[in-house]
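*Asks:* Sequence:
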Amino acid sequence: MKKLIISIVLLFLAIVTMAYLYFSKLNTDQHITDTGLQAAVANSAFIFSFENEKSITDILKEQRLFEEILDAEQYKQLASLKKYLLTIPKVNQLTDKQNVYIAFVPGSDHNIDFLCYTQISIPEYLPQLFQSLKTSGIRPETTDRLTKLILPDSSVFYLGIKENLAVISSSEKQTAAALAKERNQKDDKFIEYIQASKRFSKNSLAQLYINFNDLPLLLKNIISGNLNGELAVLNQQDAFAALTYNFSNEKVLLTGTTVTNNPNNYYHLFSDMQAQKITINNILPANTASYTIFAVDSYPNWKKKLDTWFSNQHQDKKISALLKDINNRYHLNPDELFPKYFKDQFITFQLRTGEKIGAINLSNGDKMIQLLLDLSSEYDEDIKVFKEPDLLYAYFGKPFSNFKKPYYIITDNYMVFANNAGTLQSFLNSYTNNQLLINVPNYINAGNQLPGNSSIAFYTDHRNADDIFKKNIYLPYYKHISAIEGLKNYDSFTYQLSGDNGKFQTNILINKQPEVLQKDSLAL
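Just so we're aligned, residue 2 is where the sequence shown starts under this note's numbering, counting upward by one.
Simulated from the structure, these hints should not be mistaken for laboratory data.
Certain hints may be false.
Across the chosen pairs, the derived CB separations fall in these ranges [said to hold, decoys possible]: (1) I370 <-> E74: 41 to 47 Å; (2) Y76 <-> D336: 52 to 58 Å; (3) S109 <-> E486: 37 to 43 Å; (4) K325 <-> N435: 40 to 46 Å; (5) D381 <-> Y76: 53 to 59 Å; (6) S364 <-> G108: 49 to 55 Å; (7) E173 <-> L206: 27 to 33 Å; (8) S299 <-> H332: 43 to 49 Å; (9) N263 <-> S109: 31 to 37 Å; (10) D317 <-> N440: 38 to 44 Å.
Using 16 Å as the maximum straight-line C-alpha spacing, the simulated EDC-like pairs for lysine to aspartate or glutamate come out as follows [as the list claims (entries may be wrong)]: (11) K199 <-> D35; (12) K368 <-> D336; (13) K304 <-> D273.
From the three backbone atoms N, C-alpha and C, an ideal C-beta is built for every residue, glycine too.
Please construct the entire structure, taking both the sequences and the accompanying hints into account.
*Replies:* Structure follows, in structure tokens:
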């Protein structure tokens, strides 16, 4: 018995020691300073990352998708760096197994510049680097702070080195600014989020990190005007995304997480909601340019969150007064309408023509028709119009804020509404004639690449949104997305979020038309 007790004690001590060593190492790994990451985060909201390891860079080089997504000049520059710089043995020795961060930043004249950041593993070898550059056919010209590199294909880059940080870009101004920029404590939260996400993506080919707080600074060089309307989702969102790139020659698929840092963010209301099977897209016309779908697993629970959101927006008293007034004037309790007969999904969508429509699904459309009689005026046999403003906003919040007193129809347990009757008549024509997005081959193909369940889903159809792009995107970028060698054959963009205990499991799909569909399109 005594030996058994001693053995148990020794075993326990061994387990405690191993656990201590494991967690000490884990804690140490988390605090290893990655100067490349710190510098990239300080300068950019959109960062692509991979490990400088030959097998990885060779795979990425074979991805023709990057050539199509980036403009020709940027891809040519990155290809030159890979061909003439990363293949030099001394460069590989200095940066082997280090993370490379490609950060996209706003340049002059609506251009987007990129900077490459990495960490030098053996700073003592730096003096030998420049001799290696010369013997490899690269002409270095050193100034006070930067080194101008002229590659064998005449490409010009500017290299900056600060302690163990190396920065390179085709823009002298951007390289100098990156070296001069001091670390800002506000970036620490994003850095911590990235480092935490890396523990779950160690075997991935590459990663993409997005800081939605600073993204508008980059987008203003691409999009003319303000980020409002359908683009409001990209404007000043306090959110981060960490995504891993999945190898494919047919599509760009990124998976990972998105977190909303501000509990007052409207999208945060869905972060604890269990993802639902999306069906409301069944009503969308074939000429839908974009949509945003929201799904809740329990409306009563979600409504409590919405009420808190209204309170934080200082809208709660206004909403209460509105509902009380309706109750007094019509002797109808509004809480017996939408809370009782709303099912689980609502949507806003925009047609190719720019017209905007909203919809909710219902558990009993016939009952809703009867209950809304006193609150509505008749436009024609099918279309009604609300007498009172902001009723939809009161029960669903931000997405319906622009539908004050909309025209609406109720059909097949869906309420569909718009700010003018003609838009609804156009919708009805498509719906009754089965001219629907779910029947379009490209949409079917994109849907097959993703889970059918989500909490929030953003979707843009390339072809249907073409006129909208033309009006809102600066010409060089519009030409790129319209060109065969650019994004013309990419038919859609989907950003899919599924609630997961306060964060979102995320899928981003930039879907490319299957080759057979491309040939069919050419035949037409």
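*Asks:* For every hint, state whether the structure bears it out.
*Replies:* Do the hints match the structure? See the list:
1. I370 <-> E74: 41 to 47 Å: violated, 58 Å
2. Y76 <-> D336: 52 to 58 Å: Holds - the Cβ-Cβ distance for Y76 and D336, about 56 Å, lies within 52 to 58 Å.
3. S109 <-> E486: 37 to 43 Å: violated, 25 Å
4. K325 <-> N435: 40 to 46 Å: holds, 43 Å
5. D381 <-> Y76: 53 to 59 Å: Because 54 Å falls inside the window, the suggested range holds.
6. S364 <-> G108: 49 to 55 Å: holds, 52 Å
7. E173 <-> L206: 27 to 33 Å: For L206 against E173, whose Cβ atoms are near 31 Å apart, the range 27 to 33 Å holds.
8. S299 <-> H332: 43 to 49 Å: violated, 29 Å
9. N263 <-> S109: 31 to 37 Å: holds, 32 Å
10. D317 <-> N440: 38 to 44 Å: Given about 43 Å between the Cβ atoms, the range holds.
11. K199 <-> D35: Holds - the C-alpha atoms of D35 and K199 are around 12 Å apart, at most 16 Å.
12. K368 <-> D336: Holds - the C-alpha atoms of D336 and K368 are around 14 Å apart, at most 16 Å.
13. K304 <-> D273: holds, 13 Å
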